[in-house]
Amino acid sequence: MRGLLPFVVQRLVRALIALWLVSTVVFVVMRLSGDPVPLLLPPDAPTSEMERVRRDLGLDRPLPVQYAVFIANTLRLDFGRSLHFRQPAVTVVRGYIAATLELGLTAFFLAALVAVPIGLLSAMKRNSVLDHAAMGFALIGQAAPTFFLGILFILLLSLKADLFPTSGRGGWQHLALPALTLGAFTMASIARLTRSAVLEVLRADYIRTARAKGLGEMLVVAKHTLRNAAIPIVTITALQFGTLLGGAVVTETVFSWPGIGRLAVQSIYNRDYPVVQCTVFLAAVMFIVINFAVDLLYGVLDPRARAG
Amino acid sequence: MASSIPAPAPAELRLAATQESRPRGRRMAWLMRLGLGFVALLAVLAVVAPWVIPQDPERQSLRTRLRPPTLEGADGRAHLLGTDHLGRDILARVVYGSRVSLVVGLAAVLVGGFIGSTLGLAAGYRGGRADAVIMTVADAQLAFPFILLAIGIIAVLGPSFPTLVVVIGLSGWVSYARILRAQVLVLRSREFVEAIRALGGSTVRVVLRHVLPNVLASLVVVATLELARSIVLEATLSFLGLGIQPPTPSWGGMIQEGRDYLDSAWWISTCPGVVLMITSIVISRTGDWLRDVLDPTLRGE
Amino acid sequence: MQVTRRELLKGATALGVAGALPQALPGAAQAQTTQKKELVTAQGGDVSKFDPHFSTSSNDIRVSFNLFDNLTSRHPDGKLHPGLATEWKLDGQTTWRFKLRQGAKFHNGDPFTSADAKFSIERTYDPNAKTMVATALATIDRIETPDPYTLVINTKKPDPLLPARLGFYGGQIVPKKYLEAVGNDGFNAKPVGTGPVSFGSWVKDDKGVFDAYGGYWGGKPDFDRWIVRSIPETAPRIAALLKGEVDIITQLPPDQEDRIKANPSTRVEGALYAGLYCLGVNSKRPPLDNPLVKQALSLAIDRDLIVKELWKGRGIVPSQPIAKGDNHFDVKLPPLAYNPKEARERLKKAGYKNEEIFIETTVAYVSQDKPMSEAIAAMWKDVGVNVKVEVIEYSVRAQKNREKSFKGVWWSDPTSTLGDPDGMMWRLLGPGGPMDYWRNAKWDELGNAARFSVDEKFRAEAYRDMTKIFLEYLPWLPVIQPYEDYGLQKHVEWTPNPNQQFEIRRFNLKFRRA
Chain A
17 MRGLLPFVVQ RLVRALIALW LVSTVVFVVM RLSGDPVPLL LPPDAPTSEM
67 ERVRRDLGLD RPLPVQYAVF IANTLRLDFG RSLHFRQPAV TVVRGYIAAT
117 LELGLTAFFL AALVAVPIGL LSAMKRNSVL DHAAMGFALI GQAAPTFFLG
167 ILFILLLSLK ADLFPTSGRG GWQHLALPAL TLGAFTMASI ARLTRSAVLE
217 VLRADYIRTA RAKGLGEMLV VAKHTLRNAA IPIVTITALQ FGTLLGGAVV
267 TETVFSWPGI GRLAVQSIYN RDYPVVQCTV FLAAVMFIVI NFAVDLLYGV
317 LDPRARAG
Chain B
37 MASSIPAPAP AELRLAATQE SRPRGRRMAW LMRLGLGFVA LLAVLAVVAP
87 WVIPQDPERQ SLRTRLRPPT LEGADGRAHL LGTDHLGRDI LARVVYGSRV
137 SLVVGLAAVL VGGFIGSTLG LAAGYRGGRA DAVIMTVADA QLAFPFILLA
187 IGIIAVLGPS FPTLVVVIGL SGWVSYARIL RAQVLVLRSR EFVEAIRALG
237 GSTVRVVLRH VLPNVLASLV VVATLELARS IVLEATLSFL GLGIQPPTPS
287 WGGMIQEGRD YLDSAWWIST CPGVVLMITS IVISRTGDWL RDVLDPTLRG
337 E
Chain C
206 MQVTRRELLK GATALGVAGA LPQALPGAAQ AQTTQKKELV TAQGGDVSKF
256 DPHFSTSSND IRVSFNLFDN LTSRHPDGKL HPGLATEWKL DGQTTWRFKL
306 RQGAKFHNGD PFTSADAKFS IERTYDPNAK TMVATALATI DRIETPDPYT
356 LVINTKKPDP LLPARLGFYG GQIVPKKYLE AVGNDGFNAK PVGTGPVSFG
406 SWVKDDKGVF DAYGGYWGGK PDFDRWIVRS IPETAPRIAA LLKGEVDIIT
456 QLPPDQEDRI KANPSTRVEG ALYAGLYCLG VNSKRPPLDN PLVKQALSLA
506 IDRDLIVKEL WKGRGIVPSQ PIAKGDNHFD VKLPPLAYNP KEARERLKKA
556 GYKNEEIFIE TTVAYVSQDK PMSEAIAAMW KDVGVNVKVE VIEYSVRAQK
606 NREKSFKGVW WSDPTSTLGD PDGMMWRLLG PGGPMDYWRN AKWDELGNAA
656 RFSVDEKFRA EAYRDMTKIF LEYLPWLPVI QPYEDYGLQK HVEWTPNPNQ
706 QFEIRRFNLK FRRA
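Protein chains in written order, with the working numbering: chain A, 17 to 324; chain B, 37 to 337; chain C, 206 to 719.
Honestly, the hints are just simulated from the structure, not real lab data. Any given hint could turn out to be false.
Stated by the list, open to error - Here are the computed lysine-lysine pairs in the BS3-like style, where the Cα-Cα straight-line distance is at most 30 Å: (1) Lys242/C x Lys254/C; (2) Lys695/C x Lys176/A; (3) Lys605/C x Lys575/C; (4) Lys242/C x Lys335/C; (5) Lys381/C x Lys254/C; (6) Lys673/C x Lys609/C; (7) Lys529/C x Lys553/C; (8) Lys575/C x Lys593/C; (9) Lys529/C x Lys466/C; (10) Lys605/C x Lys489/C; (11) Lys695/C x Lys612/C; (12) Lys323/C x Lys335/C; (13) Lys489/C x Lys612/C; (14) Lys612/C x Lys176/A; (15) Lys466/C x Lys176/A; (16) Lys176/A x Lys593/C; (17) Lys575/C x Lys176/A; (18) Lys254/C x Lys176/A.
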């Protein structure tokens, strides 16, 4: 385990710095966007009232002081009260997380469960119709813009074929299209990479040996290739989960899915600082934690990677 | 959202470069050529549009709104892709929209490429503190759904062409930086850089004569993939209302405008969307192909 | 005929038989009647305030006029009916006597008395309360309560419109004892009124649930529960109606109506809006301070085209700042003209130097706001105006409204609250009003005099003169008086109210039962 500890520490430090950087950028950007106080009060509120609210929100202090307070509060997970919802930002965000997790996890598992077998089959039946078709779809899934994919699904599968509702959250029918849209990129990436990984392994000598021994081809492939291809597939798969967060912003908007992606976008439009800061921070935490865990996993499994 | 270089995992980069990353075969090449031809046509049209396209993309005609594709519209004009909710010709808007996409995309690639390359060079050259800082910022940016940041910045600063280009450019600098940095590190490990410096040669010369030629191929690949990604990001931002503002046509904006009419006048969203998809796919594919052809050793660090 | 695949499948499974079933037959009687006990409606935005004195937004008043009663009530037929007051009459020049309804109770059991009425009304203009409706009842001088069921209101000057004022914004009656006990925030969190529904629960940006109030003096509504959903985007809102998930949807743009009309189980109902859709003008900002520029802008708008094409004919071209249907609407005035040539002339005369003119529009807050903005921008460009359309979020619009910081023109849907110009033109554009960007001494004098005159002939003259001044200075650019349309299931019998009140009391809303 030589070199593991410094590796872990280095990655951890990087993660924390990333978190700090992200929060700071959010703070700066939000502060640039103007004064939210008039939004909170009735139109004929006197200036004294506005001053009072400004003081309550700490907006009257000099910027560096505001920033220090902000950092301290962030560490305590106190992002203030949402201007739009009149509740603590954390409470608001908490109410929307479940929906995003539902969507993200479904999209992710759907993608993985579909993509791995397809990648496997494509590799085994190289250059067949299945292979071309699968890789064709994979290309589309990776290069097509998520938001338009969602709109296409709505048009074809919901409006024309009437198989699914057009938007909102509800039963599994409501989940299907958004999950498919969100998972498309991941599904495509995993399929392509699985295919590559399996192909690379298929070429290895010991596979030929195994085949020569006369074992059923399927068995050979399944056992040997997957085991060897597993590490990269698993790592990539885990990393893709992070990308889903970015895609969620657009997918939730297209399908009016009540999750934190949509919440973040709406809050930005509404200049609702506290909620924006909270969602962005949360998203960053999730992303960084996942990256960190995967990095760690990788460092443990593959000592060569610790050099980075 | 497609990203040209996903995450910083060495093995993954190895995989991505595997020569068998896609099936080969005559069928693929034919389709590919068709796609390239289409995009090339689009690019040419984008340039000569004002002289070639008879319709004015911003000309409204409320009397002929929401019409399906027709050769002889109610206003006596051909609308090969139909009209939108204000009676504007969709074909003209798609072509003019391609101008926006291509210009913003190319500009963003240039901005991102310049910033990324410079930072990568600095990181590789200076090493130590500068390197650590730059790489940490890179990690931080990757560790973040950039779209949120983009939306936030544009919502604050207001949508405008320069803002858009800079934000989209900034979303992709990391890929370039990595390449430049890696190359510089490789060279540094060969002592001749020190030798040249000792002999009085300038940094710029080293860069120009030794660094750049080696990275040119990789940069081209990355730039191509980044172009596809930038075009998609611009469309996404326009879709959210934060990109190119009306009445200037943009593919993302058109898709958004067509949302309310998906069940009746579906062509409003579908035409620009399909064109966007084809463009993105073709340019991505070209990038992949370039990678296979130009630099099979694009294995990153 | 729109039989959805899902209805077919559902039907097939329900009866265990594949193939055509009664549900699947278009126009079947089953689609026209229902047994349901729950009313579900969907509107284009969420409730922001339940306290009726703190918001006049259409998304809020649809609920607050049903949680609460007014002393007088304006029904969809346009007439003023008794509410919590059963009779009223003018006693001398400045005194109104109201006989109050006995036996009406608040949702928490407290009886309604004149003390509550006095408290509610005084609250609206209490400077400490800082309500949104402070100017609605500002003509009142003092209120007396000689006994629990009599209310005597003295106005500062003769005010013939007082009963009408009490029927609308600010006139909702709130419970004195309860409100004083829980305070404003507590009251807004759990509102209590005398209306046909009581507050159940509320999840922001999702839905509010209200329970029918069995003890309502007007009779229990024809349902047990009312769910108000917030669906801001038009397409999903319409989809919800078509799939039978909601009974009534609001804010329906005319070019989406065909699908609803084609569906055998839904229909469209509309009422001519008691108000106008205008472009509000920040007349303080050049070049909009120049009346010639504003006249040019008005002349450049082809309203007929907008009404015919964007609104499918569901609206009329306004001729004046008074809504059709109001008192003193001058039928002799011609619709606002479209004359682009004349517009160009006026711009030249005004010395217009190509300054930027901004249209700050929301998306679907005022129906069709964005498409109309784009159409009008093109029309203005055609006459040589340097126009720029900017899309802003509703919350930003609210802020600009409060700060009076609009950059140019913006969409406004002034409501005629009294059926009289005093309740629209004067309420909004008068000095100190919410849209005070322009002042004219003669206009102000006339408006004030007309408010307190009981001589209808005098008032008619005054409003005619005010209209003339208005049309010269154009503090608003009226664009259309539209029909505001709603989508309904055919099993709902309901009439829309022109003033955006959403009347669900028994006399106006019933389910058609088999």
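We went through each hint and held it up to the structure:
A distance of roughly 26 Å separates the Cα atoms of Lys242/C and Lys254/C; the hinted pair therefore holds under the 30 Å criterion. The straight-line distance between the Cα atoms of Lys695/C and Lys176/A is roughly 24 Å, inside the 30 Å bound, and the hint therefore holds. Between Lys605/C and Lys575/C, the direct Cα distance comes to roughly 18 Å. Compliance with the 30 Å bound is thereby established for this hinted pair. At roughly 39 Å between alpha-carbon atoms, Lys242/C and Lys335/C are farther apart than 30 Å, so this suggested pair is violated.
About 19 Å separates the Cα atoms of Lys381/C and Lys254/C, which keeps this hinted pair within 30 Å; it holds. Using a Cα cut-off of 30 Å, the hinted pair Lys673/C and Lys609/C holds, with the two alpha carbons roughly 25 Å apart. For a cut-off of 30 Å, the pair hint linking Lys529/C to Lys553/C is broken: about 33 Å separates their Cα positions. Pair hint Lys575/C plus Lys593/C holds up; C-alpha atoms about 13 Å apart against a cutoff of 30 Å.
Between the alpha carbons of Lys529/C and Lys466/C the distance comes to roughly 27 Å, so the proposed pair stays at or under 30 Å and holds. Taken as a hint, the Lys605/C and Lys489/C pair is honoured in the structure, with Cα atoms around 14 Å apart against an allowance of 30 Å. With a C-alpha separation of about 44 Å, the suggested pairing of Lys695/C with Lys612/C is violated against the 30 Å cut-off. Among the hinted pairs, Lys323/C with Lys335/C is consistent with the structure: their alpha-carbon atoms are about 17 Å apart, no more than 30 Å.
With a C-alpha separation of about 10 Å, the suggested pair Lys489/C and Lys612/C falls inside the 30 Å cut-off, and the hint holds. At roughly 43 Å between alpha-carbon atoms, Lys612/C and Lys176/A are farther apart than 30 Å, so this suggested pair is violated. Straight-line distance between C-alpha atoms of Lys466/C and Lys176/A comes to about 18 Å, which keeps the hinted pair within the 30 Å bound. Between the alpha carbons of Lys176/A and Lys593/C the distance comes to roughly 37 Å, so the proposed pair goes past 30 Å and is violated.
As the CA atoms of Lys575/C and Lys176/A are separated by approximately 27 Å, the hinted pair is consistent with the 30 Å bound. Our distance criterion of 30 Å between C-alpha atoms is broken by Lys254/C and Lys176/A, whose separation comes to about 39 Å.
Of the numbered hints given earlier, the model fails hints 4, 7, 11, 14, 16, 18; all others are met.
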